[in-house]
Structure formats: structure tokens, C-alpha cells
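Peer 1: Residue-level listing of the chains:
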Amino acid sequence: MLTFAQEAASYETLDSNATAVICCGVTKEFGRGDGKSIALRGVDLDVAAGEMTLLVGPSGCGKTTLISIVAGLLDPTEGEIHVLGQDLRVLKGHKLVDFRGANLGFVFQQYNLLPALSAVENAAIPLIALGIKRREAIERAGELLNAVGLGSKLKAMPSQLSGGQQQRVAIARALGHEPKLLVCDEPTAALDAESGRVAMELLRKVAVQPGRAVIVVTHDNRIFDYGQTIVHMSDGRVVEVERGNA
Amino acid sequence: MSIPVTRIVLPTVAVMMLGFAVNHVASESRVETEPPPPATPPRAPFGLSVAATGIVEARSENIAIGSALPGIVAEVYVSSDRVGSRVAAGMPLFRVDDRHLKAQLAAHRATLRAQQAQLAKLEAMPRREEVPPIEAKVRAAESDLVLTSDALKRELSLRNRQVNTEENVVQRTTSRDGALHRLEQARAELALLRAGAWNADIEVARANVAQAQSVVDQDLVEIDRAIVRAPVDGDLLKVDVRPGEAVSTAPGKALVMLGDLKQLRIRVEIDEEDIPRFRANRAARACSRGDASQTRSLRFVRVEPYVVPKRSLAGETTERVDTRVLQVIYEFEDIRGGVHVGQQMDVYLDASTESQISE
Amino acid sequence: MGWVAIKMLAGDRTKFFGLIFGVSFAAFMMSQQVSVFIGIVRRSASQIVDVRDAPIWVMDSRIRHLDEVPGLPATDLTRVRSVPGVDWAVPFHKGQGLAKLANGESRSVVVMGLDDATLVGAPVEMLAGELADLHKPDAVIIDKAGYEYMWPSEAKSLAREGYRLNRTFEINDRRAIVVGVCRASSPFVTLPLLYTRFSQSSRYTPERNAMNFVLARAKPGENEQEVCRRIQEATGRLALTREQFFWKTIHYFLASTGIPVNFGITIALGFLVGVAIAGQTFYLFVVENLKQFGSLKAMGVRDSKIVGMVLLQGLVVGFAGYCIGVGLSAGFFTMTNTMTHLAGLYLRGEAMVGVAGAVAAIILFATFVSVRRLLVLEPAIVFRG
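Chains as they are written, first to last, in my numbering: chain A, 1 to 246; chain B, 1001 to 1359; chain C, 2001 to 2385.
By construction, these hints were calculated from the structure, which means they are not laboratory data. Heads up, some of the hints might be wrong.
Straight-line C-alpha distance at most 30 Å; calculated DSSO-like pairs for lysine-lysine [stated by the list, open to error]:
id, chain 1, residue 1, chain 2, residue 2
1, A, Lys133, A, Lys95
2, B, Lys1121, B, Lys1153
3, A, Lys153, A, Lys133
4, B, Lys1262, B, Lys1310
5, C, Lys2015, A, Lys155
6, A, Lys133, A, Lys92
7, C, Lys2291, A, Lys92
8, A, Lys155, A, Lys205
9, C, Lys2291, A, Lys36
10, A, Lys155, A, Lys133
11, B, Lys1253, C, Lys2136
12, A, Lys155, C, Lys2007
13, C, Lys2015, C, Lys2219
14, A, Lys153, A, Lys205
15, A, Lys155, C, Lys2219
16, A, Lys92, C, Lys2305
17, A, Lys133, C, Lys2305
18, C, Lys2094, B, Lys1310
19, B, Lys1253, B, Lys1238
20, A, Lys153, C, Lys2291
21, B, Lys1153, B, Lys1137
22, B, Lys1238, C, Lys2015
23, C, Lys2291, C, Lys2007
24, C, Lys2094, C, Lys2219
25, A, Lys95, C, Lys2305
26, A, Lys133, C, Lys2007
27, A, Lys155, C, Lys2305
28, B, Lys1137, B, Lys1121
29, C, Lys2291, A, Lys133
30, C, Lys2291, C, Lys2305
31, A, Lys153, C, Lys2007
32, C, Lys2015, C, Lys2291
33, C, Lys2094, C, Lys2136
34, A, Lys153, C, Lys2015
35, C, Lys2305, C, Lys2007
36, C, Lys2007, A, Lys95
37, C, Lys2156, C, Lys2100
38, A, Lys153, C, Lys2305
39, A, Lys205, C, Lys2291
Required output: the full structure, derived from the provided sequences and hints.
Peer 2: Right, here's the structure in full:
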């Protein structure tokens, strides 16, 4: 927690709306020879902190590959990528993992809650991964779940929750350690319209904070309104960036 | 739902089953105890010892008495009840049937008597009643001579007178000579009669008597041999004969066993491989089989100089062991009960070297 | 993160119990088979183990194992007694005879002749009768299994009616009277064991030299092996401590019978089944949870922790499975212990330890295979719906 606070403090000096992610000529190729496929063809992208950036485009356009690279889960074939002022290419192994654990939050399309853990335990995992004691982590996770309106479902198992509720647990989980960058992969794709709307409201209200960048990958045009910046991708390239939306 | 099963039931069951298994192993694979043997086996009492087995015997050694004559046992004077008691030398032990010998004796005695009578008869000659007729015969011859002599004298005087013939003279002379000879004959007969039996005849008769006597004596000895007597003073160790049993003179079977129990000895058999380690004139201890706690001190007596083939002490005649043993005789130092002649004992002989003894 | 790992594991009941079942089965099969194997092989030397009161065996030097015993000349007994350091020595006979029962049936029997005076080598535990009765004429003591083997029709009613003592049968045309029943380790071949006096045993099994062993003990303070060496030097016979003779016999049986191969196959099978079931299921379990592990990795859980979690899961499964497996094994032996022909077989400590190692190997193997999938896992998989 201390390291997290220190690191958070170091970023505090930046402009709250400073650029959180800088991609420069990012290219990603999978495979080799004839089986080679090119997912990204030189993406240049800046993501500003303090707002929600939507990454939209048809399936297979490279959205998921791009956020995987941004999140440090994939190495780019070429190009530079700086996240929160850190060149990801120099971070290797557990340092990268620790960086992710401290600074990034994730919301997945399938929520990826551990089915064997209760809601509050799921929400506490990133805190525990950071080294916070289990009891304290669970206490704070409980507060977070309160904040996302699931105060009554702390002990519920994921299987006992609806999709929307699970996604809210996932959002609480992603925010517990106050990451500087929140990466959401199709957060509403598995939800009905109402649940999707609640989730997006939640993201806009709780997630978007000064100094925190939120990247949402989606092809759900119902939620385009929630993003301040909308980045359109197609065939491995950024084709359009709409800023100052909504 | 899942919590009690996985968090409580399963670990409890697992730990209990492990405990059960550990307990099972612990109880089944208990360390085997090493109890002492049911009875203590004999132990070597000396630092270095030669172990051997021995048989207790009497000082006189064990005298196995057999029968001189084969036959059926007629009478046993020492019944098996009297085993262990003392017998004096010469005491009859048993008698073999001797009826045929006695019958023979009677016959031979009769012969003896006959021979004796014959001798007596010869010695009693001449028979008195036979003398007077011969004497009478002498006297008759004398008378006859007187008569014929007188007739001759007359004839001679007649011849001088030339009265008679020469023929008459010769006749009268021959007649007188005949009477003279008859008188000589009668006198010789009387002398023969008076002389009695011929000495040589008497000697023959005497020899016959002696022969018959010795046959009788022989019978008496035979009859006496049918009675088996103790040859020495001793204790009756074993009586293995009963009236009616047939006995032979073949060696090996002891009908009566005699021995002097005043001092017991033990005949120790030492394996030939152990002979080099055996030392004479050393102490030894013996213990009865089955009671190794009580050992008895032994005193060295002598070594039998001849190494004999080992004879099985277990009495197994089928057992043949091609090894030889040195027999050494030891004497029991104290006479306590509990040791019996013929008993097998485990014996330990002191075989310590001189240096060990001085220590 | 350990509790997370355990909750993950326990969360999938089917796989969890499947895993535990697999490991239990393997542990049960291996521990049971190893124990039976050890027990059976030990039976070949059980008469050696049963002689508790004499630790040194002297025998012909050409002997290969317990049941192949040429006789010794009677004087060897005194020669052994003469060896320095020997506390005592007594004769011992082991032979085979043919018993003729009253009903005309015949049984092969093992005849053990104990020194008449001391009864060294006598059975330790009597079930009926008195050991001292062995001094009676024609007396024999028979082992429990042998009694049931000789008179099988009575085996069922034994509990109710007890052993019938003083019954007679014949061996080699000599009368034998049962004066007692003892407990003895089962022999390798299930023949009745008859204990009798040495002098009598030679009548039951007429052999040239009745004594085929000399049992001895070293003086207190003497090294047994040193005394054995001295006996060998002095007599030219083979002198072994109980342990040495035991292993000599065991080694002979291991080397000259197909038993080790048979059991080896079964034990290997148990191991393979364990590897297959546990390894496979565990692998499947991990693969199924790849996404969750991926999420954890994305959320900043280090690889080492992930491996630790998987190892912990493996450990839990292994421990639970092992416990249940050996417990079942112990239960099996407890139940079969009352059956005469299985008596004396029990779960061996060495089997427990060995199986623990095997289970650890199974778990390590399963973990190793699964962890490889985790370590090469691209976290990007978590984004793919």
C-alpha cells in the first residue's frame, strides 16, 4: 500500500489530464511465414488521463491486441509504448507483473470472477496480490461493493449473481487498488441493455477520476455516449479519433 | 454447503484415516521381543573351553553281566525291585534252566558208581570162598604124591629084589612124577588165587573211576555256570532279565548291569577337531541336560589313549557319523544326588592357556 | 493467496473428489500391494523371524535358503559351544514329513525339532495348551493356520468349540499328539508347522543327521557378527545372525522366483493409474482454470505465486488422497487379519513411506505438467470471450 501511495504520489505531479498511454508505431504480428497474421499495423495513439476512452471497431480489427499490449500482457512486435510514463519494453518478468498489479485495473467481458470465491473475496484479490492482509483487503472490498451497490451481496457466490451484478463485482475488483489505468474489454457485451447501462454509469461515476485513464474496448454502439474520446479502429489501424464527445 | 465437506469433513476424514493407518502400522509392526529360552541352555563356565558330551558311569565302569550258557532263564534272584541295592561278590543273580544238566549228572554219577564198584571188586580179590577148594586140591595132590611116591619106593625095592619088571618101575616113576606135577599145579593155583587181582587191572579200574568222577565234576560246574553270580561287590544298576526269557551268550546285551556307585565318573567324548585345544589335568564342569543352572565340578582322572569312533549318544543306530572322539575320564568332586549312571551330560572343559590362568 | 488456491480447488467438487479418489486409489493400491508383497516375501523367512530367543544360526555352508538344509554331524554342536564368545548353543531341526490323519487323509507338514532340554526356538504365543506339555511323549504343538489346514471341517466352529487337544495322528508311522496350538508366522508354502522335541523330530523325519541347525547366542558384550565369524573359522560352517540369514533367504526368493516381477507390475500399475488419474484430472483442472489464473496474472499475481498456488492445490489433493488411501489399506488389512491365510499381512511402515514418496512424485509430476501450461500462458487469453 505504501509503494502504491508513493507511486500514486509520483504521478500526482503530472497534470491530472496528462497523457496516460502513448503508443507510437505499435505493430503486432502473430506467427511466422505463411501463417503470419498482422494484428496491428503501426498504431499511434495517446490516451488521456481523467477521461474514458472508447476503442471501437469491428471484430478482428485489433482492439483486443492493442489493449493487451497497453496492459503489458503482450509485447509489441515493433513500436514504443509508454504507460503512465513507463516504457513497458524495459519492464520484464515480475517487475512487469508488479507494475500491472499496482497501476492497472481490468474489467473483462466474461467478468472472470473466481467461481469458488464470494463476491467480496473476488473483489479483494488485487489488494491481496499487492500484499495487503486478507482481513483488511476484504474489509475494503466490502466498502467497494457497497459503492457499486452490492452491499447486500457480499457473501454471494458468483453463480448466485446476475451478469450485471457480476460485472459490478468485477468493476469493484478493478478499482479496489485505485489503478491509474483501467482497461475494460467489452464490459457490456454479455449484459442486457439495462445491466450494460448500469455498468457504464458505474464506470463513468466511479472509475473516471482525475489522473486515471479508462480504456473501454467495445463494439456496442449503445454506450458510445459514455466515452469522452472514441478511437475507431479498422484492420489493425486507428482510422479516426473523436475527441470531446459528450 | 461445500464448506463443511471440504473444510471440515474431508480433512477430518483424511487425518483420521492417516491416524488409523499409522496406528495400524505401529500396532502391527511392534518390535519383536527377544524372550529368553524356556529353559536356560548350558553356558561355558571358563574363559576358553572345549565343549563335549559325556556319559556318567560307575567308577568300576559299568559291568554288563551276561549269561555263560544259552537257554531259558529259570529263576532270577535279584528282581528288578532290587535295582539300586548292593550285591556282594559271588551272590547269585539269576539261573538259566539246568534240568538237562542235572539229568546228565545223574547218568554220569551212575557210571561213576559202576566204575567204583568195579574197582572195589578188584581190590577185594581173592574171594575167600575160592581158597579152600584149591587148598583141598593141593592137599589132594600132596596125598596123591605120597601115595605114588610110596608105590614107587616099593617098586624100587622090589626091583632090587628083582621081583618086578622094569616096566613096573617106569610106570610107578611116571605116576609119581605126575602126582608131583599135579601138586605143583595145585600149589601154583593156590598161590595165584592168594595173590588176588592184578595190579594193572586195578589201575585201569581206578582210571575209569577218575574219568567218571571228572565227568560228574564237569556236570557240576556246568550246573553251577547256569547260575550267574556277581563278580564283584557293587550296585545293581539294571536288571533286564526275567524268568522264562531266552538268553544267549552273544555279547552286547547286558542282562544285569553292575557298577560301583560309591564314586561316579563321567566318560567325556571330545571331537577330534577339538583335541588340540584339550588340556589334561584341568578342571571341568558338567551340567545335566534340562537343568543348566546346576553345574558340577569334575576332577581329571585319565585320558583313554585310544581315539574311538564316535558312537551316537542318542541311541540312533541308523546314525553314522564319520568322526572319532577322544575319551577322557573325569570324576565328580562331590557326591550329590541327581546324577545317574548312563546319563548324558553337557561338559565344558577348561581350555584356557597358561597366561589366562595366571590372570 | 493459499486460501484462494484451496477455494478454487474445493470449488469444483467433482474434480476435487475425482482427484482425491485418483490419488487415494493409487495410494491404496500401491500401499496394499507393497505391503502384501513385503509380507509374502517375508513369509519365506518367517521361521527365522519366529525364533526369538537365539540370534545366531549355524548351518551347512552350502545352504542357499531356509528350506534347503543339509544335516550337520552331531559333534558340530559341541564344536560351536567350544567357540570363544558363544554363550550357549543348542541343536535345532527343520524338516518335512507326511502326516497321516485319523480319517486317512495325508498332509505335508514342516517339523521343527527343538532342543529337548531348553526348547530354544519354541513358539512365543500359545493359543491353547502349554508349552511345557511338549515334554510329554509324542507331543507336538501345531500352529493355528496348520490346525485349520489339517482339520478344515473344524475351522468354522473353532471360535465356538475351541481347539481339540490331545488328538493324534501319525507322521512316518509314529504317533503324534497335539498338546497345544500356537501362533506362528505363516510359512511361504502354507504347510502346518509342528513343533516337537529334537529327539522326536528325528523320528518323524528320518534323516542321516537330524540336526540341521545349531542355534546360538553370543555372550553379553560380544559382537554377534564377530562371534559368527569365529564360529565359521572354527567349524567351517556358515554362521549368520538372524538378520543376515533372514536377508539371505529373502534375497534367494527375490532372485529365484517371479514374485517380485508380478508385484512390481501391480505396483507400477498402481503408480501409473495414480499418475494417469491424478495427473490427468489435475491437468484438466488447471487447464479449466487457465482463465482464472490468467486473470490473476493480469491482476498482478506473480508467476511464483501462481506456481505456489498450484503446488498447494497438489499438496492438498496429494495429502488427502494419501491419507485416505493408506487408511483404506489399513482397513483392508484389519479386516483380512482374521482370515487365517491372510494373517500376518499388514500395512508396512516402509510401504507407507514409499507410497508417500510415490504420491509426492505423482503430485509433482501433475503439478509440473500443469504449471508448464500456466507459465507459457499468454495473459491475453483472458480478454478473449
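Peer 1: For every hint, state whether the structure bears it out.
Peer 2: The hints, checked one at a time:
no. : hint                      : verdict
1   : Lys133(A) <-> Lys95(A)    : holds (21 Å)
2   : Lys1121(B) <-> Lys1153(B) : violated (48 Å)
3   : Lys153(A) <-> Lys133(A)   : holds (22 Å)
4   : Lys1262(B) <-> Lys1310(B) : holds (28 Å)
5   : Lys2015(C) <-> Lys155(A)  : holds (24 Å)
6   : Lys133(A) <-> Lys92(A)    : holds (26 Å)
7   : Lys2291(C) <-> Lys92(A)   : holds (22 Å)
8   : Lys155(A) <-> Lys205(A)   : holds (25 Å)
9   : Lys2291(C) <-> Lys36(A)   : holds (25 Å)
10  : Lys155(A) <-> Lys133(A)   : holds (19 Å)
11  : Lys1253(B) <-> Lys2136(C) : holds (29 Å)
12  : Lys155(A) <-> Lys2007(C)  : holds (14 Å)
13  : Lys2015(C) <-> Lys2219(C) : violated (62 Å)
14  : Lys153(A) <-> Lys205(A)   : holds (21 Å)
15  : Lys155(A) <-> Lys2219(C)  : violated (75 Å)
16  : Lys92(A) <-> Lys2305(C)   : holds (17 Å)
17  : Lys133(A) <-> Lys2305(C)  : holds (16 Å)
18  : Lys2094(C) <-> Lys1310(B) : holds (24 Å)
19  : Lys1253(B) <-> Lys1238(B) : holds (12 Å)
20  : Lys153(A) <-> Lys2291(C)  : holds (24 Å)
21  : Lys1153(B) <-> Lys1137(B) : holds (24 Å)
22  : Lys1238(B) <-> Lys2015(C) : violated (90 Å)
23  : Lys2291(C) <-> Lys2007(C) : holds (16 Å)
24  : Lys2094(C) <-> Lys2219(C) : holds (25 Å)
25  : Lys95(A) <-> Lys2305(C)   : holds (14 Å)
26  : Lys133(A) <-> Lys2007(C)  : holds (17 Å)
27  : Lys155(A) <-> Lys2305(C)  : holds (25 Å)
28  : Lys1137(B) <-> Lys1121(B) : holds (25 Å)
29  : Lys2291(C) <-> Lys133(A)  : holds (25 Å)
30  : Lys2291(C) <-> Lys2305(C) : holds (16 Å)
31  : Lys153(A) <-> Lys2007(C)  : holds (19 Å)
32  : Lys2015(C) <-> Lys2291(C) : holds (17 Å)
33  : Lys2094(C) <-> Lys2136(C) : holds (20 Å)
34  : Lys153(A) <-> Lys2015(C)  : holds (27 Å)
35  : Lys2305(C) <-> Lys2007(C) : holds (15 Å)
36  : Lys2007(C) <-> Lys95(A)   : holds (27 Å)
37  : Lys2156(C) <-> Lys2100(C) : holds (22 Å)
38  : Lys153(A) <-> Lys2305(C)  : holds (29 Å)
39  : Lys205(A) <-> Lys2291(C)  : holds (29 Å)
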